[in-house]
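Undergrad: Next come the chains, spelled out residue by residue.
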Amino acid sequence: MASLKIWLIRLRPIIAALLGLSLGIGITALAGESPAHVVAVLVKSALGSPYDLGMTLFYTTPLVFTGLSVAMAFQCGLFNIGAEGQLAMGALWAAVLGIVMPGLPGFVAPVFAVLACILGGAAWGAIPGWLRAKRGSHEVINTIMMNFVSAGVCSYVTLYVFRNTEGQNPETLPIAAAYQLSQFSSFGGAPVSWALILAVLVWAGCIVFLRKTRLGFQLMSVGENESAAEASGISSPKMRILAMAIAGGLAGLVGVGEVLGNAHKFKMGFSADFGFIGIAVALLARGRPEGVLPSAFLFGALHKGTADLDFETTHVTRELALILQALVILSVSADGLWDWMNRIGVKKRTGKAAS
Amino acid sequence: MNLDSLLDFSSAVLRGMTPILFAALGGYLSERSGVINIALEGMMLIGSFFGVLAALSFHGSGAPWMGFLAAGVAGGIFAALYGLFVIRYRANQIVAGTAMNLLAAGLTPFFCKIVFDSTGNTPSLPLEDRFQYFPMFLSFGLAFGLHWMSRQTPMGLWISFAGENPAALATAGIRVNRLRTWAVIASGVLAGWGGASLSICLSSSFSRNMTAGRGFMALAALIFGKWRPLPAMGACLFFAISDTVQMRLQGVPVFGGQPIPVEFIQMIPYVATMLILAGWVGQSRAPKSLGLPFHQG
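In order, the protein sequence lines correspond to chains A and B. Every letter in the first sequence is one number past the one before it in this note's numbering, and letter 187, counting from 1, is 187. Going from the second sequence to this note's numbering is simple: count from 1 and add 355.
It is worth saying that the hints were derived from the structure and are not from the lab. For every residue, glycine included, the Cβ atom is placed at its ideal position computed from N, Cα and C. Check the hints yourself; a few may be wrong.
Here are the simulated DSBU-like cross-link-like pairs (lysine-lysine), alpha carbons at most 30 Å apart as the crow flies [as the list claims (entries may be wrong)]:
{"#": "1", "chain 1": "A", "residue 1": "Lys44", "chain 2": "A", "residue 2": "Lys134"}
{"#": "2", "chain 1": "B", "residue 1": "Lys468", "chain 2": "A", "residue 2": "Lys238"}
{"#": "3", "chain 1": "A", "residue 1": "Lys212", "chain 2": "A", "residue 2": "Lys238"}
{"#": "4", "chain 1": "B", "residue 1": "Lys581", "chain 2": "B", "residue 2": "Lys643"}
{"#": "5", "chain 1": "A", "residue 1": "Lys134", "chain 2": "A", "residue 2": "Lys212"}
{"#": "6", "chain 1": "A", "residue 1": "Lys212", "chain 2": "A", "residue 2": "Lys5"}
{"#": "7", "chain 1": "B", "residue 1": "Lys468", "chain 2": "A", "residue 2": "Lys134"}
{"#": "8", "chain 1": "A", "residue 1": "Lys44", "chain 2": "B", "residue 2": "Lys468"}
{"#": "9", "chain 1": "A", "residue 1": "Lys134", "chain 2": "B", "residue 2": "Lys581"}
{"#": "10", "chain 1": "A", "residue 1": "Lys212", "chain 2": "B", "residue 2": "Lys468"}
Derived DEER-like restraints, expressed as beta-carbon distance ranges [stated by the list, open to error]:
{"#": "11", "chain 1": "B", "residue 1": "Pro608", "chain 2": "A", "residue 2": "Val100", "range": "26 to 32 Å"}
{"#": "12", "chain 1": "A", "residue 1": "Phe107", "chain 2": "B", "residue 2": "Asp363", "range": "19 to 25 Å"}
{"#": "13", "chain 1": "A", "residue 1": "Ile14", "chain 2": "B", "residue 2": "Arg443", "range": "37 to 43 Å"}
{"#": "14", "chain 1": "B", "residue 1": "Gln487", "chain 2": "A", "residue 2": "Met101", "range": "54 to 60 Å"}
{"#": "15", "chain 1": "A", "residue 1": "Arg288", "chain 2": "B", "residue 2": "Arg443", "range": "42 to 48 Å"}
{"#": "16", "chain 1": "A", "residue 1": "Leu215", "chain 2": "B", "residue 2": "Arg640", "range": "54 to 60 Å"}
{"#": "17", "chain 1": "B", "residue 1": "Asn476", "chain 2": "A", "residue 2": "Leu215", "range": "49 to 55 Å"}
{"#": "18", "chain 1": "A", "residue 1": "Phe107", "chain 2": "B", "residue 2": "Arg443", "range": "35 to 41 Å"}
{"#": "19", "chain 1": "B", "residue 1": "Ile432", "chain 2": "A", "residue 2": "Ile14", "range": "25 to 31 Å"}
{"#": "20", "chain 1": "B", "residue 1": "Ala567", "chain 2": "A", "residue 2": "Phe184", "range": "35 to 41 Å"}
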């Protein structure tokens with residue numbers, strides 16, 4: 001019995017996510033749409049053709065990075081609500097590098113640009129980490145504020161410093177050809193680039209770092225029990241700054257898929273709330289990096305799937321994605337919803353003892 | 356600057372601060388009672404949509420009043436859902452707050468599409484169905500009212516105890532979680548009014564994501580105002596001034612014909628909040644039990 005209960009607890013996020021998804025799809029009936037039809041559109045639009053699958057993978061890539069970003073901070077007991085600002089800074093730094101140094105040879109240019117993404121995000125993430133560690137101000141508020149400051153900085157650099165006057169939208173000049181990543185041809189033109197492979201490697205790297213290295217262990221122990229960590233000589237301020245820098249760097253890597261692999265420039269507002277959906281991705285993975293990959297794929301598929309609702313249904317639009325994401329987060333995060341499960345467990349045990 | 360333009364400027368500032376003041380006061384109630392509220396943004400968005408919806412349906416017969424009423428009710432219901440998850444089901448308040456913001460951003464276009472067959476905008480309200488100054492005066496009155504409440508009434512004391520030391524409050528026979536639930540619902544009503552003052556007072560329709568971060572700015576004002584109503588009102592005034600200056604300077608050529616980058620003025624509220632929270636400029640301290648669920652024994 002005990003093992004069954006443990007399994008139920010492990011599967012809880014998945015059961016909860018399914019509950020949230022079905023509730024969200026159920027409310028499309030309110031709009032006069034058949035939920036079964038909505039599901040069919042979602043599945044077909046997310047996985048129906050090589051192009052659709054490619055787009056799903058294209059959206060999965062940034063969500064792996066932001067999901068890891070939130071999860072790694074969480075492992076150190078920190079909430080990173082700032083992935084949205086950090087990913088924009090990473091993308092901006094990469095774009096600026098690609099504009100300012102067009103002469104870099106083709107084999108080092110992308111490497112430098114990836115480093116720029118990491119550094120841009122890490123610098124932005126380290127600030128709230130430092131503020132938390134040294135000044136005690138809460139990282140949640142600071143990361144929210146930094147999101148707005150980041151938007152301002154990006155807007156300034158895009159509109160006043162490197163503006164592309166030929167484009168219709170606010171965007172920077174294009175990056176040099178040497179920086180651009182080639183796209184895989186097997187996805188019918190979907191912009192799937194090496195960024196996807198990088199995302200998988202980084203995912204594996206995060207797990208190894210956290211579970212197999214000394215530094216990763218120290219970081220986790222601060223998240224588990226700060227005073228115990230301090231007692232064994234681990235500096236919790238240092239770990240907090242490090243964790244937020246790592247979180248920022250991971251979010252910054254979103255720039256690789258977008259700037260180097262897709263747009264080849266920095267476009268204002270390119271991120272469709274990837275930083276915030278990253279919270280959902282990490283939550284569904286129970287705050288651990290291991291589950292981020294499948295969880296990001298699910299949310300990527302949702303993002304792509306709902307995009308086709310605009311023209312495949314008459315009453316439901318792509319905004320359904322936001323509703324579904326919100327309901328998944330709510331149902332996964334509500335611990336109290338599961339009290340009944342514990343109660344059943346207790347009843348069974350006490351029942352046995354009585355008989 | 357002559358008198359006319361000064362009057363014009365002040366009126367723009369005072370009207371502009373109304374939505375964030377409502378939301379900041381809502382945030383005050385919820386956060387003082389111990390519940391983090393980053394869902395203010397979503398509550399405002401819900402209020403701005405349902406305010407317009409009701410005002411449009413009651414065209415000519417007290418439309419703005421009905422709009423305001425509906426915005427408060429809708430904001431309150433939305434907040435009750437948030438309260439249910441974070442107080443009853445003990446969901447993490449930051450996570451659930453983020454989810455509520457996403458939910459509002461998704462639900463408003465969803466309903467807008469059902470009712471008006473457009474995800475972008477509602478139709479415009481005629482001038483006679485809109486408010487001119489009422490929300491502004493109401494928000495100012497509420498700020499003073501909440502200040503009085505916090506100092507002079509048992510309710511004010513209970514709310515701050517729920518945020519500082521809920522166990523002590525429970526010992527005194529007050530149901531902490533019930534009190535918190537009502538504080539959160541009240542914060543939704545106020546944030547809903549903030550949204551409605553945006554859609555039926557400052558403009559004439561609802562448009563997609565029209566709050567554009569004002570809920571977070573209200574949160575910033577609350578923190579900048581040290582989690583107290585009157586200083587928060589001062590913070591809203593300060594933020595509204597910087598916002599109005601920023602809007603008036605947009606595209607204005609100075610410095611040898613170059614327009615001023617207004618982005619740096621836009622950042623002021625957020626940077627100022629970070630500075631005050633870090634204790635470099637003044638100091639702002641959060642309620643002690645902010646964000647901690649209370650288990651009623």
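Undergrad: Hinted pair, alpha-carbon criterion (30 Å max): A:Lys44, B:Lys468. Please report holds or violated.
TA: This hinted pair holds, its Cα atoms lying about 23 Å apart.
Undergrad: What's the verdict on B:Lys468 and A:Lys238, does the C-alpha distance respect the 30 Å limit or exceed it?
TA: The given pair, whose Cα atoms are some 50 Å apart, is violated under the 30 Å limit.
Undergrad: Could you tell me whether the CB distance from A:Arg288 to B:Arg443 stays inside 42 to 48 Å?
TA: violated (26 Å)
Undergrad: For a C-alpha distance cap of 30 Å, please report whether A:Lys44 and A:Lys134 respect it.
TA: violated (50 Å)
Undergrad: Starting from A:Lys134, check that the Cα of A:Lys212 is at most 30 Å away, please.
TA: holds (28 Å)
Undergrad: Within 49 to 55 Å: is that where the Cβ-Cβ distance between B:Asn476 and A:Leu215 falls?
TA: holds (52 Å)
Undergrad: Determine whether the Cβ-Cβ distance between A:Phe107 and B:Arg443 falls within the hinted range of 35 to 41 Å.
TA: violated (58 Å)
Undergrad: Regarding the pair B:Lys581 and B:Lys643, is the alpha-carbon distance no greater than 30 Å?
TA: Distance ~13 Å between B:Lys581 and B:Lys643 Cα, so the pair holds.
Undergrad: For A:Lys212 and A:Lys5, compute the direct alpha-carbon distance and say whether it is at most 30 Å.
TA: The hint holds at about 29 Å.
Undergrad: Go ahead and decide if the range 37 to 43 Å is satisfied by the Cβ distance of A:Ile14 to B:Arg443.
TA: This hint is violated: roughly 23 Å between Cβ atoms.
Undergrad: So the hint says 54 to 60 Å: do the beta-carbon atoms of A:Leu215 and B:Arg640 match that?
TA: Given a distance of about 33 Å, which is not inside 54 to 60 Å, the answer is violated.
Undergrad: CB of B:Ala567 to CB of A:Phe184, is that within 35 to 41 Å?
TA: Given about 37 Å between the Cβ atoms, the range holds.
Checked against the numbered hints given earlier, the structure breaks hints 1, 2, 7, 10, 12, 13, 15, 16, 18 and satisfies all the rest.
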